[in-house]
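Trainee: So you can see what is in the structure, the chains are spelled out below.
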Amino acid sequence: MSGCSIDTIVCDVDVAKVAVLGVPDRPGIAAHLFSALKEAQVPVEMVIQSVMRGDVNDIAFLIKDSRIGEAIDVCRKMPGEIGAQGVTFDTEICRVALYGKGFSDRPELLSDAFSALAERGINLEMIVETPESLCCILAKSRSEEALDILKKRFDS
Amino acid sequence: MISVRVPATSANMGSGYDSIGLALGFYNVFKVKGFLEREIYKIEVLGEGAGEAEKPEENGFVLAYEATCRRWGIEPPGLDLLSLNAIPFCRGLGSSSSAIVGGVMVANELRDEPLSKEELLPLMVELEGHPDNVVPCCLGGFVVSCWLDGDLRYVRLPCGEDEMTAVVAVPDVRVPTSQARAALPKTVPMEDAVFNLGRSALLAASWATGKWENLSWAVGDRLHQPFRSKLFPGGEKILETLREIPGCDGVAISGSGPTMVAFTRWSPEKLARPMCRIFAEAGVHSRFFVLDVDRYGASVETTADFRVPEERRCR
Numbered sequence: 079m080s081g082c083s084i085d086t087i088v089c090d091v092d093v094a095k096v097a098v099l100g101v102p103d104r105p106g107i108a109a110h111l112f113s114a115l116k117e118a119q120v121p122v123e124m125v126i127q128s129v130m131r132g133d134v135n136d137i138a139f140l141i142k143d144s145r146i147g148e149a150i151d152v153c154r155k156m157p158g159e160i161g162a163q164g165v166t167f168d169t170e171i172c173r174v175a176l177y178g179k180g181f182s183d184r185p186e187l188l189s190d191a192f193s194a195l196a197e198r199g200i201n202l203e204m205i206v207e208t209p210e211s212l213c214c215i216l217a218k219s220r221s222e223e224a225l226d227i228l229k230k231r232f233d234s
Numbered sequence: 322m323i324s325v326r327v328p329a330t331s332a333n334m335g336s337g338y339d340s341i342g343l344a345l346g347f348y349n350v351f352k353v354k355g356f357l358e359r360e361i362y363k364i365e366v367l368g369e370g371a372g373e374a375e376k377p378e379e380n381g382f383v384l385a386y387e388a389t390c391r392r393w394g395i396e397p398p399g400l401d402l403l404s405l406n407a408i409p410f411c412r413g414l415g416s417s418s419s420a421i422v423g424g425v426m427v428a429n430e431l432r433d434e435p436l437s438k439e440e441l442l443p444l445m446v447e448l449e450g451h452p453d454n455v456v457p458c459c460l461g462g463f464v465v466s467c468w469l470d471g472d473l474r475y476v477r478l479p480c481g482e483d484e485m486t487a488v489v490a491v492p493d494v495r496v497p498t499s500q501a502r503a504a505l506p507k508t509v510p511m512e513d514a515v516f517n518l519g520r521s522a523l524l525a526a527s528w529a530t531g532k533w534e535n536l537s538w539a540v541g542d543r544l545h546q547p548f549r550s551k552l553f554p555g556g557e558k559i560l561e562t563l564r565e566i567p568g569c570d571g572v573a574i575s576g577s578g579p580t581m582v583a584f585t586r587w588s589p590e591k592l593a594r595p596m597c598r599i600f601a602e603a604g605v606h607s608r609f610f611v612l613d614v615d616r617y618g619a620s621v622e623t624t625a626d627f628r629v630p631e632e633r634r635c636r
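Chains as they are written, first to last, in our numbering: chain L, 79 to 234; chain Z, 322 to 636.
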């Protein structure tokens, strides 16, 4: 793609997704959850809290797949400790990341990336954009296909 | 506001077809923000089932609530309902039972003298048609139950709740309960019936006494899993593979599937990973829960400032 500022596209399969569902909308809840993860020495990335729905939120984040055991030990207690509705874990995911510059000023990059994946029926489970990257979480079974599509689309 | 928190359930547990169920520690929450004029419903569904259960005639909570009110001789007032759903729809984790239990418990709040949960159970079972989900959903714990012609008998087992972890793998496919029922044979050989009788009795006795070494054997089944495990990708292979993994205390189809449940006292990820990998190899994405047994069942909470209007009470 001419004028495209995508530098690299990479896929990381050493990730797992944790979603804490139905978290009460009170100050200190996120602090409790992530303090517990810190105590267990579980590094966390891509934290997303959804728009509040009826006084509750969902909080999703990524961890290294190799730390899933420690994350389970911490997060499974959250329904009892903070009144969450439940916690789901997903180890069959990957993160496809596009790195470059000026993502915030180039909405067509996001549109192109999402369209390319959608044309192959690849569903996105999480999306995070920063000024210098776009990260998409999708099924691990589609990782190579997604990487190939995006490299072709962006001639990376 | 009236808020009802209702646990998920895993019924059957292999050998206990239609008679054994377990309450699990994740929840749907139904919030009644107000009562409205008759036949007026304002329904918001968030999470699982959003976009599928907003019409009152298709909402299991509303249908159970209305049926309960009418059973008690009143026309049900409408509801301003917020349904926060974490229990996956049509996956074999008791989402329909959670709606029934929630609807009946809200109707109960309209009574001048609300009934106990135990007194509500026969009506809940009647609405669901079988007891193995709604009884543990309402009471919590591991429950053995039988239902015949309106007569309900059950025992809630007190033990094992701190020791056993349920690992629940939920694939992104659905198996309608009607299809799962239709897959079963009309008759079974006597030897298969005897096989299940022995194992379901062993399952209940082992759970009650903490004889966990029996569990993997006790969940064995010939009545439904051989037929239902063929209805969704990965089912048969998960049953075969998980049995062989050290630390697996039993594996079964949850309810009528396609969710699979495995039990362990050790590392849950050692069971979760292979279950989800087998689903992936069969072309289905999945996620998993690691769950304690819910001990308390459904609970209802009414905020101090909330009053049911006098003209809408059930006497």
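Since the hints were derived computationally from the structure, they do not count as laboratory data. Quick reminder that beta carbons are idealized off the backbone N, C-alpha and C, glycines included. Careful: at least some of the hints might be erroneous.
Covered stretches of chain Z (in silico footprint by chain L; criterion: 3 or more residues with CB under 8 Å from a CB of chain L, positions within the stretch not fixed) [unchecked claim]:
#, stretch
1, 331–340
2, 507–516
3, 608–621
Here are the simulated DSS-like cross-link-like pairs (lysine-lysine), alpha carbons at most 27 Å apart as the crow flies [said to hold, decoys possible]:
#, chain 1, residue 1, chain 2, residue 2
4, L, Lys155, Z, Lys507
5, L, Lys218, Z, Lys551
6, Z, Lys558, Z, Lys507
7, L, Lys179, L, Lys116
8, L, Lys116, Z, Lys558
9, Z, Lys532, Z, Lys591
10, Z, Lys591, Z, Lys558
11, L, Lys142, Z, Lys354
12, Z, Lys507, Z, Lys438
13, L, Lys218, Z, Lys438
14, L, Lys155, Z, Lys591
15, Z, Lys354, Z, Lys438
16, Z, Lys532, L, Lys218
17, Z, Lys591, Z, Lys551
18, L, Lys179, L, Lys155
19, L, Lys229, L, Lys218
Trainee: Give me the numbers of the hints this structure contradicts, sorted from smallest to largest.
Mentor: 1, 2, 4, 7, 8, 11, 12, 13, 16, 18
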